[in-house]
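Asks: Chains as they are written, first to last, in my numbering: chain H, 1 to 166; chain U, 1 to 382.
To be clear, the hints were calculated from the coordinates, so they are not data collected in a lab. All residues carry an ideal CB built from backbone N, CA and C; glycine is no exception. If a hint is listed, it holds; no wrong ones were tucked in.
Across the chosen pairs, the derived CB separations fall in these ranges: (1) U:Q293 <-> H:G125: 47 to 55 Å; (2) H:E66 <-> U:G133: 57 to 65 Å; (3) U:E42 <-> H:N49: 42 to 50 Å; (4) H:E68 <-> U:L154: 53 to 61 Å; (5) H:P159 <-> U:P24: 20 to 28 Å; (6) H:E68 <-> U:P24: 37 to 45 Å; (7) H:E66 <-> U:E103: 44 to 52 Å; (8) H:P159 <-> U:V19: 35 to 43 Å; (9) H:N49 <-> U:F135: 51 to 59 Å.
Residues from chain H shown here face chain U by an in silico Cβ test under 7 Å; the list is partial: (10) D53; (11) S54; (12) M55; (13) M56; (14) T59; (15) I61; (16) N75; (17) M79; (18) R106; (19) I107; (20) W110; (21) L133.
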Amino acid sequence: MDYQEIVDYINRNFNELYSPDTGEEQAEFLRISPKDWKELAYFLRDDGNLVFDSMMCITGIDYGVEDENLGVAYNLHSMTHHHKFEVRIDVPKSKPMIPSVEKIWRIADWFEREVYDMYGITFEGHRDHRRILLPEDWEGFPLRKDYIFPETWHGIVVPKIKEEWE
Amino acid sequence: MGIETLTLDRSAIQGEEMVLNIGPQHPSTHGVLRLQVVTDGEIVTKITPYIGYLHRCFEKHCENVTYEQVIPFVDRCDYIASMNNNFGYAVAMEELMGIEVSEKVHYIRVIVAELNRIASHLLAIGTFGLDVGAFTPFLYCFRDRERILDLFELLCGARLLYNYIWVGGVSHDFPIGFVEKVYEFLDYFEPKIQEYNDLLTFNKIFIERTADVGVLPADVAISYGVSGPNLRGSGVKWDLRKNEPYSIYNKFDFDIPIGTGAMGTVGGCWDRYYVRIRELEESVKITRQALDQIPREGDVHAALPKKIRPPKGHVYSRTETPRGDLGFYIISDGKPKPFRLKLRSPAFTALSCINEIARGWMIADVIAILGSLDIVLGEIDR
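Produce the complete structure using the sequences and hints provided.
Replies: Written out as structure tokens, the structure is:
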């Protein structure tokens with residue numbers, strides 16, 4: 001199935017209709033709200049016509065300093081039917097909470113930890129919710145656009161970044 | 001004495017569990033990785049990998065440099081197979097920008113990528129032998145890998161970090177006599193595969209150490225996002241070069257080797273290892289066909305954009321590296337620097353399943369399982 005067919009198929013099976021996003025150019029993803037995600041995730045994996053058994057990637061996105069939202073993109077793939085799909089969820093920076101799908105696709109375990117590590121998005125229901133790449137006591141979330149680089153870490157002075165190449 | 005005195009009280013023999021750290025500095029972790037292993041006697045009951053020791057803020061760096069300057073950073077992620085990483089980034093960027101590269105560039109890319117795949121698998125095979133105690137095959141593998149690195153040095157001056165495949169082309173055309181030299185190497189290399197088989201693959205001790213150990217069932221592998229030779233070792237016939245052909249891989253005739261369980265259960269360490277050996281043969285096959293068909297004329301710089309400014313939009317593209325699916329999620333906002341660049345690394349997903357498959361084995365087997373997954377820490381930590 002191609003992208004449009006998958007969206008139509010999902011809409012036929014859910015009471016609440018999702019509409020594909022058209023705001024962004026060449027956008028081919030379904031934007032949903034966090035509260036629908038868990039139910040939709042089970043449907044995407046278990047429905048016989050979709051069988052998205054493989055989670056290719058989870059990407060955290062900061063839309064910019066002015067924008068009040070953070071986003072997470074889920075890229076799915078079906079090893080059975082060989083089709084792909086992308087789901088995107090936006091959450092406000094003031095309360096970034098998304099239900100975890102770590103039990104549905106096991107790889108989401110580490111991917112969600114990485115998104116938390118870099119963006120500070122909390123995944124509710126994750127059984128091992130820790131930082132993964134950075135030290136446990138790191139402050140701030142580095143991939144946010146408004147991240148301020150620390151001057152020292154445990155007494156080690158971080159060299160200043162030169163503005164231009166010399 | 002009644003019979004009840006003879007019943008076994010389990011609490012009397014249940015010893016205390018011991019927490020053991022393997023790494024961060026340990027030769028068998030293939031880099032800077034710490035495995036926190038909980039052991040009950042000699043049996044491993046839980047493994048928690050601690051990663052991030054090599055974290056170099058790859059993704060943050062990418063947001064602060066232009067698209068051209070990302071390529072050397074990509075090299076340094078998977079430093080064993082830099083060509084394949086370059087290739088993956090170039091394919092993603094060309095999809096985002098809609099660039100068509102010439103026939104000759106496609107052939108050059110396939111040749112160098114397959115040569116790098118051979119070099120990478122040689123390292124994987126050699127160090128896997130080393131992990132289970134076979135020292136000699138390692139030296140044989142490095143002898144042949146050296147020849148490929150010499151070829152790359154002739155091609156672009158670098159032996160490990162090439163910065164060779166650019167968006168829209170490659171940095172240099174093949175030097176004079178290079179095609180003949182690659183032919184010469186393939187003629188030299190093909191009989192050597194038999195040598196590895198004699199030395200290591202069908203060695204009785206090696207089979208005893210690896211067959212049936214750390215079995216990764218196919219459905220678990222898919223759920224954990226395991227890809228590449230590790231997935232094929234579990235018997236799943238999945239290769240992006242065949243199933244979602246990018247570049248010109250649909251023009252070549254080659255097989256996808258999968259684990260068959262010839263020495264034990266499908267998906268054991270031996271199967272993962274043997275898939276790599278078989279892939280050496282397939283890569284040789286592809287390289288030969290590419291060398292036969294490569295057009296002699298053509299400008300490799302013709303499609304290089306003057307300034308890389310992709311239109312607004314995003315792309316998720318993936319290619320097959322020696323370790324599996326390398327994915328790039330790139331968001332462009334129309335400026336010369338990436339708005340967001342995410343690298344989905346195949347070794348990251350492969351390592352995440354270690355607790356699942358290595359539980360219940362002994363510590364020596366954990367080392368074998370880790371070796372059979374063929375991880376590169378530069379790519380896991382980015």
